[in-house]
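Residue numbers (this note's numbering), protein chains in the order written: chain Y, 137 to 567; chain C, 137 to 567.
Heads up, a few of these hints could be off.
No copy is singled out in the list; a pair is fine if it fits within one copy or between any two copies.
Heads up, simulated DSS-like pairs for lysine-lysine below, C-alpha to C-alpha not over 27 angstroms straight-line [what the hints assert, rightly or not]:
hint, residue 1, residue 2
1, LYS139, LYS261
2, LYS415, LYS291
3, LYS567, LYS139
4, LYS567, LYS185
5, LYS173, LYS261
6, LYS139, LYS260
7, LYS139, LYS323
8, LYS291, LYS397
9, LYS314, LYS527
10, LYS325, LYS567
11, LYS325, LYS291
12, LYS173, LYS291
13, LYS139, LYS314
14, LYS567, LYS415
15, LYS314, LYS379
None of these hints come from the bench; they were simulated from the model.
Protein chains: 2
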Amino acid sequence: MDKQTINLGLAGFGTVGSGLARIIEENREWIARRIGKSLVIKHILVRDKDKVRPFIPGPEARFTTAAEDLLNDPHTDIVVELMGGTRAARELISRALESGKHVVTANKALLAEEGADLFDLAEKKGRALYYEASVAGGIPIVQTLRDSLAGNRIKSLTGILNGTANYILSEMTTTGEKFSTALEKAKEKGYAEADPTLDIEGIDAGHKLAILIRLAHGQNYPFKSLPVQGISAVSPADIELAKEFGYILKLLAQVREKSGKLQAGVHPVFLPQDHILAKVDGPFNSILLNGNAVGPIMLYGQGAGDLPTGSAVLADILALARDERNPNNTGFLENPLPQADILDPELTVSGHYFRFTVQDRPGVLSALSGVLGENNISIAQAVQKQDNGEKSVPVVFFTHQALMRDVSRALAEISSFDFINAPTVHYRIIK
Amino acid sequence: MDKQTINLGLAGFGTVGSGLARIIEENREWIARRIGKSLVIKHILVRDKDKVRPFIPGPEARFTTAAEDLLNDPHTDIVVELMGGTRAARELISRALESGKHVVTANKALLAEEGADLFDLAEKKGRALYYEASVAGGIPIVQTLRDSLAGNRIKSLTGILNGTANYILSEMTTTGEKFSTALEKAKEKGYAEADPTLDIEGIDAGHKLAILIRLAHGQNYPFKSLPVQGISAVSPADIELAKEFGYILKLLAQVREKSGKLQAGVHPVFLPQDHILAKVDGPFNSILLNGNAVGPIMLYGQGAGDLPTGSAVLADILALARDERNPNNTGFLENPLPQADILDPELTVSGHYFRFTVQDRPGVLSALSGVLGENNISIAQAVQKQDNGEKSVPVVFFTHQALMRDVSRALAEISSFDFINAPTVHYRIIK
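Kindly generate the complete structure, drawing on both the sequences and the hints.
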């Protein structure tokens, strides 16, 4: 931008918004060394103008409850959408792009579910729609995929993308406590929201994965088709068994290219303890990916929080301030991007962990292993735990690589045995 | 660039050059999706035109021994310098910039030692001088510092930047073998060159560190002032003691900002075994940095090799192909960048490891610890190893945080004791 002052219109002034304002204030001179211009927060769209705020940006900032104040001001250069939610945010972003403004957003739900339309609009208007902060907080994964690895075919990508879920699983692993206790602890520490559904049910990680798929593969993966499983049903028994056999249970977002088709999903997965992602503890995020030129690359950092996420929002603003002439939104020239070519999830191959809860009577182990064998599922390790005076005992299998279709069929057969006393627990294992 | 074909002039066709050519060939359609243009390798400057090559790029490529063929061809858009060495490379890059061409280079020695002049020339000519491949192979650390973290003050940066040295130390740690044996193994595996001086003496890591300092701090750090220590003197005894006390010995490149001054250097360092960089094994590279907004971030990947380094070269080419109008070479607007404000290395504070080789006689431990105490050096752990019938025994100290000036003075005093039988081994310890 040619002007000496870049005017920002902020929509939303929660954690990330005030974090951004603090960084801009604190690093003012530093930013001037980078871009030779000053950033001014001119409008701040909020629900309640009179709320007491922990941080107030400079005297130029005007709090408002009317989106028009941002949108109709010809001096607003960039609209920074940090409201969250999809409905009002989509409306605001569309109107900002329509009126020729650039947009920077951290809104993963919106970009995952309705990104295709918004990128189309941005493209038609020749405006930027940037979103570094939408995935993995301060970790620069968007720019890495869009620019630094642009010449690579991404063969696989595995991410720990939700700090809340990762913190809860880390706590359960360290202390042996159950899910609900670890969730309460996460709430106390500010790592989980009052309604944690999006985080613990894998939906937030799924949103981020859909965005990464678009960046890595240049395809729109309909969020509704993305298999997503959360951690609310994870029991300490499985965490304990994972440990005993050299694994750790992690909520992983994964995408792999297989014969030109994409295989993607969010699942709790058994990860070997010496896997590079196994060390990613607590609220941290990490992404491991494999490019056909660069080989394996891992990025690690804080996936949430006011300043880390604010840092990512600021990166987008600075990129625009330096040069707004040729915004690179999706990293691909095609518009619209094609729909993803999705591999049937039943054709997925991986190792598997089964914990069957069975009556303690003769022939059970043989019946179970028989069904697995008939379905081409080869057992790597099996353990039957001792009867502690309970009516039911756990029988656990770790399998070699097996086709999901075979696993589904075997589990369906097994579920009809009369010695099965509780639903079977099933997780994938990756190497 | 507006044209449909981007013509490249390659200077050098060794590992990285042929890797780049292979990626361009293999990912041709993919690259077209990204930039809508094709990349053509038009000239390849080599020393011997008739040498048999493992990979030959398309029919357009002409091998030549005359730099003029690249420089005088008005159709060459980007000169890609992959020759290595400083003299001929500097000449070629200067002439390319003078004649209005953009330059992409992987030449860390040149940029570290003479970068200031070359960036000045590029700035005056309004041309790009890009260098993602010069540090840490395929890891996108240049773009991360220059763009993604541009709004951050970088408080500290610690890197494992030389895969050869890291492989050798990993081997020594795993097998207990001595330096020369591990070096031979590295040569056999292709991880070390016939003359490994630059890698094992820390010079290559120092070059990379100087480049990272420029990117992170916007200051030119004169390479000659950078403290650089290699690993050729590392003995299995110290590796063993490190292990015994919960550490691992790594060659680290570090820079820290302290009261506005920079403290930087390359040294073998005792790193706690649970430190995130302690797991970086073999030929891998990793960079851990701390920004005042983003907090801790780590990047990990292959620091060398034809395809990983070629991937980084390609990233620079694609960035130019997308938009060459406003090259962002150093990440700062000032030209020239100021000289670094360097903290006196004697004012560095860290933990320390000393291994004294002493005569086995009464009073030695007391004399040593006395001198340390008088110099404000507080001992965290001490161990005197048993006499194995040798005339000399090792006495080892791990200290708390201590000022380098105090350490230097203490070591000078101790060196004059008559019971000291061999030069004292001294490494820093970081938390």
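Here is how each hint holds up against the structure:
In this homomeric assembly, LYS139 and LYS261 come within 27 angstroms of each other (Cα to Cα) both inside a single copy, at 21 angstroms, and across copies, at 23 angstroms. For the identical chains of this complex, LYS415 and LYS291 are neighbours both inside a copy (23 angstroms) and across copies (24 angstroms), given an alpha-carbon limit of 27 angstroms. In this assembly of identical chains, the alpha carbons of LYS567 and LYS139 never lie at most 27 angstroms apart, being 53 angstroms within a copy and 46 angstroms across copies at closest. Neither within a single protomer nor between protomers do LYS567 and LYS185 lie at most 27 angstroms apart by alpha-carbon distance, with minima of 52 angstroms and 46 angstroms respectively.
Proximity of LYS173 to LYS261 under the C-alpha cut-off of 27 angstroms is found in both arrangements, the shortest distances being 25 angstroms within a copy and 22 angstroms between copies. For the identical chains of this complex, LYS139 and LYS260 are neighbours both inside a copy (24 angstroms) and across copies (22 angstroms), given an alpha-carbon limit of 27 angstroms. With identical chains, the CA atoms of LYS139 and LYS323 are never at most 27 angstroms apart, being 44 angstroms at best within one copy and 55 angstroms at best between copies. Only within a single protomer do LYS291 and LYS397 lie at most 27 angstroms apart by alpha-carbon distance; the minimum there is 11 angstroms, versus 43 angstroms between protomers.
When the C-alpha separation of LYS314 and LYS527 is checked against a cutoff of 27 angstroms, the pair qualifies only within one copy, where the shortest distance is 22 angstroms, while the shortest distance between copies is 59 angstroms. In this assembly of identical chains, LYS325 and LYS567 lie within 27 angstroms of each other by CA distance solely across copies; the values are 25 angstroms between and 32 angstroms within a copy. In this homomeric assembly, LYS325 and LYS291 come within 27 angstroms of each other (Cα to Cα) only across copies, at 26 angstroms, whereas the closest approach inside a single copy is 37 angstroms. With identical chains, the CA atoms of LYS173 and LYS291 are at most 27 angstroms apart between copies only, with a shortest distance of 23 angstroms across copies and 40 angstroms within one.
In this homomeric assembly, LYS139 and LYS314 never come within 27 angstroms of each other (Cα to Cα): the closest approach is 56 angstroms inside a single copy and 61 angstroms across copies. In this assembly of identical chains, LYS567 and LYS415 lie within 27 angstroms of each other by CA distance both inside one copy and across copies; the values are 15 angstroms within and 18 angstroms between. Taking identical chains as interchangeable, the C-alpha atoms of LYS314 and LYS379 lie at most 27 angstroms apart only when both belong to the same chain, with a minimum of 15 angstroms there against 36 angstroms between chains.
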